[in-house]
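Since chain A is already given, all that's left is putting chains B and C on it; use the hints.
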Amino acid sequence: MSVTAAIPQDVRNAVSDLLAEYGMALDQDRLEDWAGLFTDDCDYRVISRENEEQGLPNVMIWCDNRDMLLDRIESYRHVNEYNLHWDRHVIGLPRHFGQVDGLWQVEAPYSAFQTDLEGATRLFSVGRYRMGLRVESGVARIRSAVVVADTGLIPTLLATPL
Amino acid sequence: MSVTAAIPQDVRNAVSDLLAEYGMALDQDRLEDWAGLFTDDCDYRVISRENEEQGLPNVMIWCDNRDMLLDRIESYRHVNEYNLHWDRHVIGLPRHFGQVDGLWQVEAPYSAFQTDLEGATRLFSVGRYRMGLRVESGVARIRSAVVVADTGLIPTLLATPL
Amino acid sequence: MSVTAAIPQDVRNAVSDLLAEYGMALDQDRLEDWAGLFTDDCDYRVISRENEEQGLPNVMIWCDNRDMLLDRIESYRHVNEYNLHWDRHVIGLPRHFGQVDGLWQVEAPYSAFQTDLEGATRLFSVGRYRMGLRVESGVARIRSAVVVADTGLIPTLLATPL
Numbered sequence: 069m070s071v072t073a074a075i076p077q078d079v080r081n082a083v084s085d086l087l088a089e090y091g092m093a094l095d096q097d098r099l100e101d102w103a104g105l106f107t108d109d110c111d112y113r114v115i116s117r118e119n120e121e122q123g124l125p126n127v128m129i130w131c132d133n134r135d136m137l138l139d140r141i142e143s144y145r146h147v148n149e150y151n152l153h154w155d156r157h158v159i160g161l162p163r164h165f166g167q168v169d170g171l172w173q174v175e176a177p178y179s180a181f182q183t184d185l186e187g188a189t190r191l192f193s194v195g196r197y198r199m200g201l202r203v204e205s206g207v208a209r210i211r212s213a214v215v216v217a218d219t220g221l222i223p224t225l226l227a228t229p230l
Numbered sequence: 069m070s071v072t073a074a075i076p077q078d079v080r081n082a083v084s085d086l087l088a089e090y091g092m093a094l095d096q097d098r099l100e101d102w103a104g105l106f107t108d109d110c111d112y113r114v115i116s117r118e119n120e121e122q123g124l125p126n127v128m129i130w131c132d133n134r135d136m137l138l139d140r141i142e143s144y145r146h147v148n149e150y151n152l153h154w155d156r157h158v159i160g161l162p163r164h165f166g167q168v169d170g171l172w173q174v175e176a177p178y179s180a181f182q183t184d185l186e187g188a189t190r191l192f193s194v195g196r197y198r199m200g201l202r203v204e205s206g207v208a209r210i211r212s213a214v215v216v217a218d219t220g221l222i223p224t225l226l227a228t229p230l
Numbered sequence: 069m070s071v072t073a074a075i076p077q078d079v080r081n082a083v084s085d086l087l088a089e090y091g092m093a094l095d096q097d098r099l100e101d102w103a104g105l106f107t108d109d110c111d112y113r114v115i116s117r118e119n120e121e122q123g124l125p126n127v128m129i130w131c132d133n134r135d136m137l138l139d140r141i142e143s144y145r146h147v148n149e150y151n152l153h154w155d156r157h158v159i160g161l162p163r164h165f166g167q168v169d170g171l172w173q174v175e176a177p178y179s180a181f182q183t184d185l186e187g188a189t190r191l192f193s194v195g196r197y198r199m200g201l202r203v204e205s206g207v208a209r210i211r212s213a214v215v216v217a218d219t220g221l222i223p224t225l226l227a228t229p230l
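Just so you know, the protein sequences line up as chains A, B and C, in that order. Numbered per my numbering, the first sequence spans residues 69 to 230. Numbered per my numbering, the second sequence spans residues 69 to 230. Numbered per my numbering, the third sequence spans residues 69 to 230.
The set of hints was computed from the structure by calculation and includes no laboratory data. All values derive from a computational prediction rather than experimental measurement. Hints may contain errors.
Just some of the chain A residues that point at chain B, by a computed CB distance under 7 Å [as the list claims (entries may be wrong)]:
| id | residue |
| --- | --- |
| 1 | Ala-88 |
| 2 | Glu-89 |
| 3 | Met-92 |
| 4 | Trp-154 |
| 5 | Arg-156 |
| 6 | Ile-159 |
| 7 | Phe-181 |
| 8 | Thr-183 |
| 9 | Thr-189 |
Don't be surprised by glycine CBs; every beta carbon is placed ideally from N, CA and C.
Same shape as in the complex, but just chain A (with noise of 0.2 Å):
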């Protein structure tokens, strides 16, 4: 714990900022701007729970490179030429483990909505992120991203990223 007060208020900031924006330019479905909070040689991983607590290598989704994650987007485009749901996130309170090779270590809870056209809403996923962020003059860029879902998810292009 003694490593936590040690963060600059800076860095708690840009991580705060990170987060909020990360989850609404998912929800506003700007995924073009959510690809823009990683780095370049980012490293993006949705894996179930059940998978990293028996340490198995499976991976639902994994882009190596922010490149892959635009690809990614553009098939979900083009998929879904209609928007059939929205999706709303509430991120909470960031943990803070300091910082390993120069990326300040975060993970935060998260649980996730989808609000059909009727306007009827169900929990889609819960789960946790898991980030290893560079943060330069007040901004937080991710460099690595593991969404770990409590929530069992079905591997699909259709799929919106967590």
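Only chains B and C this time, still in chain A's reference frame:
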């Protein structure tokens, strides 16, 4: 994003305090305290996400000053002599957009739950707040608030504010 | 509200870190770490919102020092040899009330979800935390915690702490 790095710390703290009290005041049925978070000349609206995205003018609730907010609360109290449910708001991290015309612009996602007298809880509404805030001496007041509700809502006097 | 403006930044950060770790420790089944967030002379209670509002003395869980917390965890582990579900807490922004008798008073809303082994997630409980915190060298410890649960709960050894 460079804008957000320039948000003063006391503004960040005031915004966080305001959002925390906003949810707690609603949830504890301290509706007059909730109205006290607004400026006299406030503007409070609840709109559906569908209407917002289509640029439609429909508004489910609209109070264009604090007296109207207080009137609405009185009507609500009159109709609901007995408290039929409990509310619980979980509001996510705020996104900062800097200052426009002296008002600090923020957005935050919310999830709202209702629990009936048997103790059964259901998801009631998700969406986001868009606020313009006056911050003085470390205290934020709401000059304008738009609640954009993803979840379909029935406009009624019976509804607690979101 | 003028009180909240006077909360030192290191107290704000310590409170945020504590709440983040509180949820993560529970969700990752690090219950001993969770107990480590409390002071030796802590007081931990889970009560229903109904009882709180009616001023009734009923308490669902009550541990009046950390050894009792640890005993409870051991019983819980003994009864639940196999982990039957995963928890996920999403805790909202804390509300600050200043210092009373050397303890920083805060409240925060929570939503808690449970996911079964098939990956199905359900809303488990919503409510709020009311805590008195000792903050030293930028680290917060829980002297007293009251979990006020809106959602009805069955008091049982099988229940994970909230």
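Cut-off 7 Å, beta-carbon criterion: hint that Ile-159 (chain A) touches chain B: Because about 5 Å separates Ile-159 (chain A) from the closest Cβ in chain B, which is inside the 7 Å limit, the hint holds.
Given a cut of 7 Å on the nearest C-beta pair, is the interface hint for Thr-183 (chain A) held or broken against chain B? holds (4 Å)
For the hint on Arg-156 (chain A), does the least C-beta distance to chain B fall short of 7 Å? Interface hint status for Arg-156 (chain A): holds (4 Å vs cutoff 7 Å).
Restraint check, 7 Å cut-off on beta carbons, for Met-92 (chain A) near chain B: With a closest approach of 5 Å, the Met-92 (chain A) hint holds.
Checking hints one by one. Is Thr-189 (chain A) an interface residue toward chain B, by the C-beta closer than 7 Å rule? holds (4 Å)
When the least beta-carbon distance from Phe-181 (chain A) to chain B is tested against 7 Å, hint result: holds (5 Å)
Does the interface hint hold: is Ala-88 (chain A) within less than 7 Å of chain B, judged Cβ to Cβ? OK, holds: Ala-88 (chain A) within 7 Å of chain B, min 4 Å.
Closest C-beta approach of Glu-89 (chain A) to chain B relative to 7 Å, hint status: OK, holds: Glu-89 (chain A) within 7 Å of chain B, min 6 Å.
Trp-154 (chain A) was flagged as interface toward chain B. Is the shortest Cβ-Cβ separation under 7 Å? At 5 Å from the nearest chain B Cβ, Trp-154 (chain A) passes the 7 Å test, so the hint holds.
When held up to the earlier numbered hints, the structure conflicts with none and fits them all.
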